[in-house]
Amino acid sequence: MLIHLPHERAERPFPNRRPGRHGRSRLARSLATAGLFLLTATAAFAQLEDVKIEAESVGEGLWVLFGAGGNMGASIGDDGTFLIDDQFPPLTERILAKLVELGSDGTPRFVLNTHFHGDHVGGNVNLAELGSIIVAHETTRATMMVETFNEAWEQIRQPVPNQGWPILTFTEGMTFHLNGDDVHVFHVDPAHTAGDCVVHFRNANVIHAGDLFFAGKYPLIDTGVGGHADGVLAACERILELSDEDTVIIPGHGPVSNAAGLREYMDVLGRITERIRTAIAEGRSLEEIQAAKPTAEWDESWGTGFIDPPTLVFMVHRGLTKDAEAN
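In terms of our numbering, the sequence shown opens at residue 8 and continues consecutively.
If you are wondering where the hints come from, they were derived from the structure by calculation, not from laboratory data.
Fair warning: there could be bad hints in the mix.
[Stated by the list, open to error] Below, simulated SDA-like cross-link-like pairs (lysine to any residue); rule was C-alpha separation at most 20 Å, straight line:
id	residue 1	residue 2
1	Lys329	Glu281
2	Lys300	Met181
3	Lys300	Leu327
4	Lys224	Asn212
5	Lys224	Arg278
6	Lys300	Gly312
7	Lys329	Val263
8	Lys59	Gly138
9	Lys59	Glu100
10	Lys329	Arg291
11	Lys224	Phe73
12	Lys300	Gly277
13	Lys300	Gly290
14	Lys300	Phe313
15	Lys59	Gly87
16	Lys329	Ala286
17	Lys329	Ile287
18	Lys224	Asn169
19	Lys59	Ile287
20	Lys224	Val263
21	Lys59	Val107
22	Lys224	Gly261
23	Lys224	Arg291
Remember, it's a predicted structure, so these values are computed and weren't measured experimentally.
Kindly produce the complete structure, drawing on both the sequences and the hints.
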């Protein structure tokens, strides 16, 4: 476990990046993205004006909070509030109000980031300024500190402001003993990103899976920062090993689920991944694989989220071809 002082800087965790799908230069992408960011950030935050924070109980003093972005988890009790992820900056006041409504005494004592994406860490700055201790895996912190590139959408993402960087990090895992539970947080090998962690409420038999699990929808696999479909499947297998038929599993996106829901997700993603792996071995290009529609039998249901079938095929293909390039 490491405690980080303000303004400490990190080495870039992903220094060698290949151009995106269309091979545009970094400068061209930067200029295009800079203008797009200024327009879309304002528009995106404006769309949050009508968002309501809803809560669902998953155990004694345990809640899932839904708003816009990744699902949050909260443990509320005598030892304070432990919050998992925090969505976007304009939602902080509404999140805090909902926590108070549920019995919290106010500002979370700890905020645990499951990974670095903005819909999970956007409230960090606000909550840190209120006194919350931000916690994350060391790779998640390092990734927040630098510019990153989303290969699927060819988007440059800016660093998180330093006020929102986690001040407490871990390598393999750590355990919080609070509110009558042993809350074990552990890192998994590169999967959705390279810094994903799982939160296991051991006594309550509740697991927050972060974005390793998109319930009933195709997942985002962030190949620009180490994401890989095989890693997602391996991480989900670790979650299943901790689960029984009564375990509540909170996905990063989608409704609260369980072991059966996670198995179905793994089956769909696993079969798609194997089809793409076989097509690559046969010498087919990305465009040929996308045209063959290896996801077709699931698209009507699973392909209706924010990851459409061609994008999923691109992300799975990109991870598998990076393996070949590395060898």
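Inset, instruction - Starting from lysine 329, check that the Cα of glutamate 281 is at most 20 Å away, please. - result: holds (16 Å)
Legend entry - Restraint status (C-alpha distance of lysine 224 to arginine 291 at most 20 Å): Violated, at roughly 26 Å.
Inset, instruction - Starting from lysine 224, check that the Cα of glycine 261 is at most 20 Å away, please. - result: Holds - the C-alpha atoms of glycine 261 and lysine 224 are around 8 Å apart, at most 20 Å.
Legend entry - Agreement of lysine 59 and valine 107 with the hint, judged by alpha carbon distance not exceeding 20 Å: Within the cut-off at roughly 15 Å; holds.
Legend entry - Proposed proximity, isoleucine 287 with lysine 329 (alpha carbon, max 20 Å): Status holds; Cα separation ~12 Å.
Inset, instruction - With a cut-off of 20 Å on the C-alpha distance, tell me whether lysine 329 and alanine 286 pass. - result: Holds - the C-alpha atoms of alanine 286 and lysine 329 are around 15 Å apart, at most 20 Å.
Legend entry - Hint consistency between lysine 224 and arginine 278 [alpha-carbon to alpha-carbon, up to 20 Å]: holds (14 Å)
Legend entry - Hint consistency between lysine 224 and valine 263 [alpha-carbon to alpha-carbon, up to 20 Å]: holds (13 Å)
Legend entry - Hinted pair lysine 300 and glycine 277, Cα distance within 20 Å: Within the cut-off at roughly 15 Å; holds.
Inset, instruction - Please work out if lysine 224 and asparagine 169 have their alpha carbons no farther apart than 20 Å. - result: violated (33 Å)
Inset, instruction - Starting from lysine 59, check that the Cα of isoleucine 287 is at most 20 Å away, please. - result: violated (44 Å)
Legend entry - Holds or violated: lysine 329 to arginine 291, with C-alpha atoms at most 20 Å apart: holds (15 Å)
When the structure is compared with the earlier hints, violations turn up for hints 2, 4, 7, 8, 15, 18, 19, 23 and for no others.
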